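Asks: Put together the whole structure using the sequences plus the hints.
Numbering (our numbering), first residue to last: 2 to 233.
I should point out that these hints are in silico values taken from the structure, not numbers from a laboratory.
Misleading hints may appear alongside valid ones.
Stated by the list, open to error - Calculated pairs, SDA-like style, for lysine to any residue (alpha carbon to alpha carbon, straight line, at most 25 angstroms):
| id | residue 1 | residue 2 |
| --- | --- | --- |
| 1 | Lys-104 | Cys-138 |
| 2 | Lys-73 | Cys-138 |
| 3 | Lys-156 | His-87 |
| 4 | Lys-104 | Ser-20 |
| 5 | Lys-104 | Met-2 |
| 6 | Lys-73 | Glu-149 |
These numbers come from a predicted model, not from an experiment.
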Amino acid sequence: MPSLLKCKSSMPASFGDFSCCCLVIDATEVTQDVPGQDMNAQSHTYSSYKNRHRVKSVTGVAPNGAVVYVSKSYPGSTSDVAIVDHSNMLAQLSSGDMILADKGFTIHSLLPSGVHLNIPPFLKDKGQYTPAEVQMCRKNARSRIHIERVNERIKNFEILSHIPQQFRHISTKIFQVCSMLVNFQDPMIAKIAETLHRTNSNIPINQTPHIYNNTAVSVLMSVLYFVKYEIL
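Replies: Take a look at the structure:
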């Protein structure tokens with residue numbers, strides 16, 4: 002996971018109010034087969050929010066849109082907080098770092114000393130947000146939009162359209178490999194793409210998002226092949 006100093010070197014303007022942010026996190030889910038006749042397993046994979054059996058991971062991106070963390074995959078009923086608690090993600094952060102997340106990540110009690118969390122405020126019994134809270138909600142959402150787009154890119158890979166039962170035990174590898182591949186697509190943030198374009202005039206800015214570094218793709222596609230055939 003990149004340091005705050007490294008994140009600041011490519012910090013987009015939209016993070017002006019979150020200059021200490023080094024990680025934006027969100028959960029993403031894909032459907033999976035009903036897990037056989039095991040009722041206990043079925044209850045764990047069933048997501049009441051999505052009304053389907055699902056497998057779920059938490060992803061983390063740097064402010065510049067690069068995927069820097071992907072958790073193990075968990076049954077769809079697992080809460081966002083439980084996944085963060087079970088992972089080693091927070092141990093990689095340092096004092097002064099900030100995490101941006103949505104309301105589902107009430108992980109304040111899990112944070113290492115000096116690490117800050119910015120999530121939208123809760124209404125509770127107030128009835129409505131104050132003007133300052135409304136403004137902060139908008140800024141938070143504007144900065145988090147990149148991870149939502151990243152998660153969509155990850156799930157655009159056909160192998161993640163649905164996880165069959167025989168691949169459930171390697172779903173973590175599938176998630177992580179597809180996430181690595183996303184890092185070789187065009188940058189999520191336009192100004193970063195423009196900077197890369199200026200340093201390599203042979204690459205048009207409007208390339209499709211599926212143009213990768215050939216060497217990296219060869220390696221990663223080999224990993225996907227091994228994952229598919231359960232060799233890893």
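Asks: Quick one, are Lys-104 and Ser-20 close enough, alpha carbons at most 25 angstroms?
Replies: OK: Lys-104 and Ser-20 at ~20 angstroms, within 25 angstroms.
Asks: Hinted pair, alpha-carbon criterion (25 angstroms max): Lys-156, His-87. Please report holds or violated.
Replies: 23 angstroms, holds
Asks: Sort out whether Cys-138 lies within 25 angstroms of Lys-104, counting only the CA atoms.
Replies: 10 angstroms, holds
Asks: Can you confirm whether the C-alpha distance between Lys-73 and Glu-149 stays at or below 25 angstroms?
Replies: Holds, because 18 angstroms separates the two Cα atoms, which is no more than 25 angstroms.
Asks: Is Lys-104 close enough to Met-2, meaning Cα to Cα at most 25 angstroms?
Replies: Measuring from Cα to Cα gives roughly 23 angstroms; hence the hint holds.
Asks: Check whether the Cα positions of Lys-73 and Cys-138 lie no farther apart than 25 angstroms.
Replies: 29 angstroms, violated
Hint compliance for this structure: hint 2 is the single one not met.
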